[in-house]
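The chain contents come next:
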Amino acid sequence: MDFLIQVIWEGLVAGVLYALIALGFVLIFKASGVFNFAQGIMVVFAALTLVGSYDKMAAVGFKGFPAALVAVAIALGVMFVLAWLVERLVLRHLVNQPDIILFMATFGLTYFLIGFGEAVFGGDPKIMITQQLGLPTGSTEFRLPGLGPNGKDGLVLIQHIDVAATVIASLMIAGLAVFFQYTRIGRALRAVADSHKAALSVGITLNQIWVVVWFTAGIVALVTGIMWGARSDVSFGLSNIALKALPVLIVGGFTSVPGAIVGGLVIGIGEKLGELYLAPLLLGSTMGRGVESWVAFIIALGFVMARPQGLFGDKIIERI
Amino acid sequence: MFYRETGQFHTTYAADMAVFPIRQDRIGLAIILGVAAVAVPLLGSSFFVSSVMIPFLVYALAAIGLNILTGYTGLISLGTGAFMGVGAFACFKLTTAFPNVNIIVWILASGLFSAAIGMLFGLPSLRVKGFYLAVTTLAAQFFLQWCFIRIPWLYNDSSSGSIEVGRRTLFGVPITGAQASPQTRYLVLLGIVVLMTWVASNIVHGRIGRSWMAVRDMDIAAELMGIKLLRTKLTAFAVSSFYAGVAGACMMFLWYGGGEPNDIFNINQSFNILFMVILGGLGSLIGSFFGAAFISSLPTLFKFGLPAIGINIAGATAEHLTFMVVGALIVIFLIVEPHGLARLWQIAKEKLRLWPFPH
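Same order as they appear, the protein sequences are chains A and B.
Residues in the first sequence are numbered from 7 upward in steps of one, following our numbering.
Residues in the second sequence are numbered from 517 upward in steps of one, following our numbering.
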């Protein structure tokens, strides 16, 4: 029983991180209709910029929390420049193209960022500057009376960084909700999401909105990168994990922010439980590892067949 | 001056509808085939044949497969790598179970297995399209890749988890395994590719191919004209996966000569082939060859070509450069020339017909 709780907790934390990546997808999809495949690599790129610039400063003796803050500022600046360049060089020229063309253009963006990131920062994994950013690193054990095997006390281990990640993620989502609901730019973003043409006709500058949206997605990417990097390390392997955000989107619905969060939790818990129960069922207990890599996609497959719009997405009726 | 159809009259419908209606095109094709079949194995060094020509042909075959699905039918797939893996494993299991049957038969037959798997994972295409379909094909990619590692029966319980390619012969000449020379492997591969390209050309110019294109252009209109969507989309998946499977078997048996399938048939392979199709030209067979030639030769070009002209770069830098160039080119091509290299080729031919007079 305590093991089950532990597994569900781990799934929950993984789910929060999936939800964060998915959130980046949803933001861009809603505002520009672009399915941004590069969101995963943006996470890696943001985290790499952060760690890379911190390392550069540490090499000349500028260390600790202030240096980490400067590194965060640099990373944000780079994400802004990236957003501006993407709008300027890619999106602007692909207006009115079919969705699938824009989708494939983001593949190109992904590859470019992989090559560029590796050329600038090197391909080897880096350690996230967790302590310098003031994030907690320890862990606490909780005793759960009577829940362990044979009626003994159960133990659940909770990493502090996981709690911090959950709190920060919730804060950021709340902040985004406020930003979208109550600010001028937020209202403009929602207008663009509803209809490009109507938004243009009331005087909203689309190009500017796109930069804002991609920059917002960049901020989300940076936060995700910090949290994820703190759990493992910062490397390009992360971008493949980020593909898990796609099933999250299918489960939650492409157009819904709450959907991204619920979907993330469903997928996160689902794949941990899959590892626990499905793997022994399929292959016997000795070798049932690695089920994690596809359970999420199979769950998504089920949703695609039964409820293509996802849990919270807008139902688009389209004959196929 | 030399490339024009003046004086060539088509007197039958068949001649008018031919794939290569201009005589110069047919002569050019014959020359290319002649060079590929005679000059390359005779004059090319073993290095050139084994690390430029063989990868090019294998990728061309895989790109044709994906082009049938994405270019002709408009269904996007990110699972090509896994379908190629299915082909490689099917070929491996078949040739270890029946070693006496010729390996070429098994390479072609292994496509049937990946076709079956491809149809299975193509079923969601009847309900969804676009990004959703991309995700379901990703499911295929990750699930199959997991099977490649976790089901020991597939690799005959070998401890390394890799496929070992044994010695198989054709008329007493070894064509797979360590003794096979690059030239023989190349010739066998060339035969397979030419045969399958010919078949593909006939399929896409025929009734099936036209129904694929109708579905791509507008599925509702296609359905109203009496094209059965279920059958059309599933045949596209089947044929596409067949090609991918054969390409995978060729890759394992005629190119790598054994190895760990999980490293070879991963998600990056799927992307690689998708990029070949996009750069080469969606919905064009010759584009598949252009795209495959371009992307498969780019790493070699950077690694060996740049030092040759005096620019020294490290191997890692060359790899990063490849990524950046490919990524940037994808975006540039999608913006400037969405029909890819194939369209550039067409424009060049049009220009050539008028040359040297501008009008």
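For the record, the hints were derived by calculation from the structure and aren't laboratory data.
Heads up, the beta-carbon is just placed ideally off N, CA and C, and yes, glycines get one too.
Take the hints with a grain of salt, since some may be wrong.
[Said to hold, decoys possible] So the derived list for chain A, only partly shown, Cβ under 7 Å to chain B, looks like this:
id, residue
1, I107
2, Y117
3, V184
4, E298
5, L307
6, P314
[Stated by the list, open to error] If you only want the chain A side, here are some residues facing chain B, beta carbon under 8 Å, derived:
id, residue
7, H99
8, L100
9, I106
10, F118
11, F127
12, D130
13, I133
14, I179
15, L182
16, A183
17, F185
18, G296
19, A306
Structure-based check of each hint:
Using the Cβ-Cβ criterion of 7 Å, the hint placing I107/A at the interface with chain B is satisfied: the shortest such distance is roughly 6 Å. Here the hint on Y117/A is kept, as its CB sits about 3 Å from the closest CB of chain B, short of 7 Å. Nearest Cβ of chain B to the Cβ of V184/A: about 29 Å, over the 7 Å cut. The hint is violated. This hint is violated: E298/A has a C-beta 9 Å from the nearest C-beta of chain B, more than the 7 Å allowed.
Nearest Cβ of chain B to the Cβ of L307/A: about 5 Å, under the 7 Å cut. The hint holds. At a threshold of 7 Å, the smallest CB-CB gap from P314/A to chain B is about 5 Å, leaving the interface hint in force. Given hint, H99/A at the interface with chain B, holds; its Cβ is 4 Å from that chain's nearest Cβ, closer than 8 Å. Restraint check, L100/A versus chain B: the minimum CB separation of about 6 Å is within 8 Å; hint holds.
Below 8 Å, beta-carbon pairs count as interface contacts, and I106/A has one with chain B at about 6 Å; its hint therefore holds. Restraint check, F118/A versus chain B: the minimum CB separation of about 3 Å is within 8 Å; hint holds. Hint on F127/A is violated. Least Cβ distance to chain B is approximately 10 Å, over the 8 Å limit. Hint on D130/A is violated. Least Cβ distance to chain B is approximately 10 Å, over the 8 Å limit.
Annotation: interface hint on I133/A violated; nearest CB of chain B at approximately 21 Å, more than 8 Å. The criterion of a C-beta within 8 Å of any C-beta in chain B is not met by I179/A, whose closest approach is roughly 23 Å, and the hint is violated. Interface restraint check for L182/A: the shortest CB-CB distance to chain B comes to about 22 Å, outside 8 Å, so the restraint is violated. The interface hint given for A183/A is violated, since its Cβ lies 25 Å from the closest Cβ of chain B, which is over the 8 Å cut-off.
Interface hint status for F185/A: violated, as the beta-carbon distance to the closest one in chain B is roughly 26 Å, over 8 Å. Restraint check, G296/A versus chain B: the minimum CB separation of about 6 Å is within 8 Å; hint holds. Interface restraint check: A306/A against chain B, minimum CB-CB distance 6 Å, threshold 8 Å, status holds.
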